[in-house]
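S.K.: Protein chains in written order, with the numbering used here: chain A, 1 to 795; chain B, 1 to 53.
Source of the hints: derived by calculation from the structure; they are not laboratory data.
Bear in mind that the values here come from a model prediction, so they are computed numbers and not experimental data.
C-beta: ideal position from N, C-alpha, C; glycine also.
A few of these clues could be false.
FRET-style restraints, in silico, Cβ to Cβ [to be verified]:
#1 A:G13 / B:L16: 48 to 58 Å
#2 A:E154 / B:D44: 47 to 57 Å
#3 B:L16 / A:D81: 54 to 64 Å
#4 B:I41 / A:I261: 45 to 55 Å
#5 B:L21 / A:E154: 20 to 30 Å
#6 B:L21 / A:G13: 35 to 45 Å
#7 B:I17 / A:L234: 49 to 59 Å
#8 B:D35 / A:A428: 29 to 39 Å
#9 B:D35 / A:T47: 12 to 22 Å
#10 A:G326 / B:D33: 26 to 36 Å
#11 A:S778 / B:D44: 28 to 38 Å
#12 B:I17 / A:L770: 57 to 67 Å
#13 A:M220 / B:L21: 48 to 58 Å
Chain by chain, the residues:
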Amino acid sequence: MEILEEVKCFHCGEDCEESHHQVDEKAFCCLGCKTVYQLLEENDLCTYYDLGKTPGNQLKDFFVNKYNFLENAEIADQLLDFDSPEYRKITFDIPSIHCSSCIWLLENLSRFDEGIIHSRINFGAKRLTIDFRPQQTNVKSLVELLCQLGYEPEITLDRQSNKETHATHKSTFIKLGVSGFAYGNIMLFSFPEYFGINIDSEFIPYFGYLNLALSLFVLMYCAQEFFISAYKGLSKKILNIDLPIAMGILALFVRSSYEIISQTGAGYFDSMAALVFLLLIGRWFQGQTYRKLSFDRNYKSYFPLAVYRIKNQEKKSVLVETLQVGDRIEIRNHEIVPCDSILIDPITQIDYSFVTGESQSVQVTEGEKIYAGGRINGTAVRMDILQVVSHSYLTQLWNNDVFSKESHLEEHLIINQVSRYFTPIILAIAVTAAIVWAFIDGSGVLNVFSSVLIIACPCALALTAPFTLGSVLNLLAKHQFYLKNTEVIERMWKTTHIVFDKTGTITNSENATVAFLGDELTQEEKCLVAALVVHSTHPLSQAIYTLLESQASVQKLEIMDFEETKGKGLSGKINGKYITIGSALSIGLPQQSSQLETRVYLKIDHQIKGYFGIQNSYRKGLKQMLDTLQSHFDFTILSGDNPAEAQNLEVLFPPHTNLYFDQSPVDKLNKINRIEENQNCIMVGDGLNDAGALKASTVGISISDSLSSFTPASDAILQGKRLVQLADFMLLIRQAKVVIVIGFVISFAYNIIGLSFAVAGMVTPIFAALLMPISSISVVGFTTLSIKWLGRRIL
Amino acid sequence: MTIIIALILISLLVALIFLWLFVWSVRSGQYDDTDSPAVRILMDDIKRPKKKD
């Protein structure tokens, strides 16, 4: 059947392949999406689809038994927030919450399970709180229900760590509230001063003291972070932007207090409160941006939470942390080995792609060492622990120099480069003006000196960079390009080279095109082959399985003599037929060379049926993206795979692109280091095998098709299908620099105007009260609006 | 004119009350999640009874 128009999945909105699943005249891209739809339909919850167009999450493989460890009360209890015999409360982090339909569905969870009393979402934090009755349901079934619906929760070892950030948000809010309150009220008390009204009342002097009292709060409580940061900068011998700010605030306060106490004037307390208030808004905006993107996690997130420990013939699920040297554990198919151990069972296949990047699995026999981070392929195996979790190989790998490389934040920041010159210049101006005034009029010296410090206070300057970069960060996040922080943008400005990983990065592993060439297979034969390949996790086997599953109604069949040989293929006996599938050599054909596709041959009962041709498909729009990028960047390809695709890549990439194949993670790391000697580069990769390279590069972008998996070494995460927009993103990032420079120019212009007044000794309280907020607001307005405009034009 | 000064002082008092309310609302977590309540209020309760089989 030919499909003329693209069919989108009713549940998740992905493109449906030719053989889409259908129910009630609705198309679904996979069995998972169809099942969720049916589950919702059965429970009368299809309002879900009314609230958003294709609101569902794309469903990843769901391994039954994956959450069996939650049956262990000790582990499950650790996750509970509240526990009593009749009532329990649990909170899950669910990264895939993304729209109002999610809120609706997850808050109606009680309709799936009688035991759930109530569920509530915190959309901002992507957190779900469930109240349930322990007699009727348990943690494991809650988690499995969530998985079935496509909202897999994150259950990791370090889930307690994110609670402390909450307290700091609250204090930011309160500081903002207090300074805003002080600002408004000080302005109110300064009204007589503003209008030059001379009210004949004994109360008037008290207004000055009230202002002084309110300002004390601002100085001591709201502005403390500027003083702390300025002090920290000074003690590290860095002139950061907070130093002139702190100087300005202090000058404002001291001078105003003097005027009030000596009854010589009204002071500038309103300017001071405004300054602190506006600066705090800037900080809050920055914090708000970071909070949305808080994705910094550590390696522990990748470890299993619990494993089966075998003690006295008894299997019991225990926490990984409690494992001791010498304990015997059992690791099942697809599980990650948490610590270095010795294999007890005769033989197993281990996939070290997590650690080494090698996608082919390694055979380990009895008595051999298995390193932490390996993933078991095949039946469950037992092993004895050699080292506890924290000492193992994987932890060491992450504690490697490359991973712990501290970024020299202070040196990078554009704003600090400016302030390095700013502070001395302002001090010089203030001192010179004071000296000149000493000759003209001795009484004006202090006045001029403090006026310069007050007016020069770089409020607008300090707001320019955070607002511009923050807006860019928000805008990119909206397009599923998540940067760790604004510093990443500043580092991107320096890059001139992009390094791509191949598989999973520029190719779309899920969309590999598979076709069978040879004798037509009968339905029965298709079932047999599917029943065989389902046992292998090799990407090729999975691609073949997906093809067969769409063509025949696949069922589970008993398999005998199953064998999987590394780099060769699979064989087994099903329904009396002996089936072999694998490379040309493994079924007795001569080795084929120089072909553009990967071939997997099929042999049933000594008869060669043909081969499955599997072609990597490159992401759509890749060529265009590269053409746009090549005017600013050089390219390199670092692939862990064999050079079969070299010809295709040469067509895609501009000439002079360096192509490297068969690269191990260490090779990748070394190549990046070599490039970095001459050029700053961006590494675009996926998975942990690129971790070293991602970290060693100036900016590491990790490509992810599901947001819950990425590497700790990356500076940014990019949704796989958005990779082709990278050129647009880079353009926006470059333009942001121009916006910042213009913002700086504007704020300097204000400063020059203000300074000339200050040097001339003409700064009055009302002049300061007007100039300061106007300069800040106009700069913030300019940067935010220009980024918005750029975003609309470019993205 | 004295009345204006009295009024200003009263307004300061009112402002202080609001400041206290603000601090209280922040502390009690009303700003922790500003997105979901806005969506939640628009959602209808499910009236149809649950299907039983």
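S.K.: Let me make sure I understand: some of the numbered hints might not hold for this structure. Which ones are they, in numerical order?
M.R.: 2, 3, 5, 7, 8, 10, 11, 12, 13
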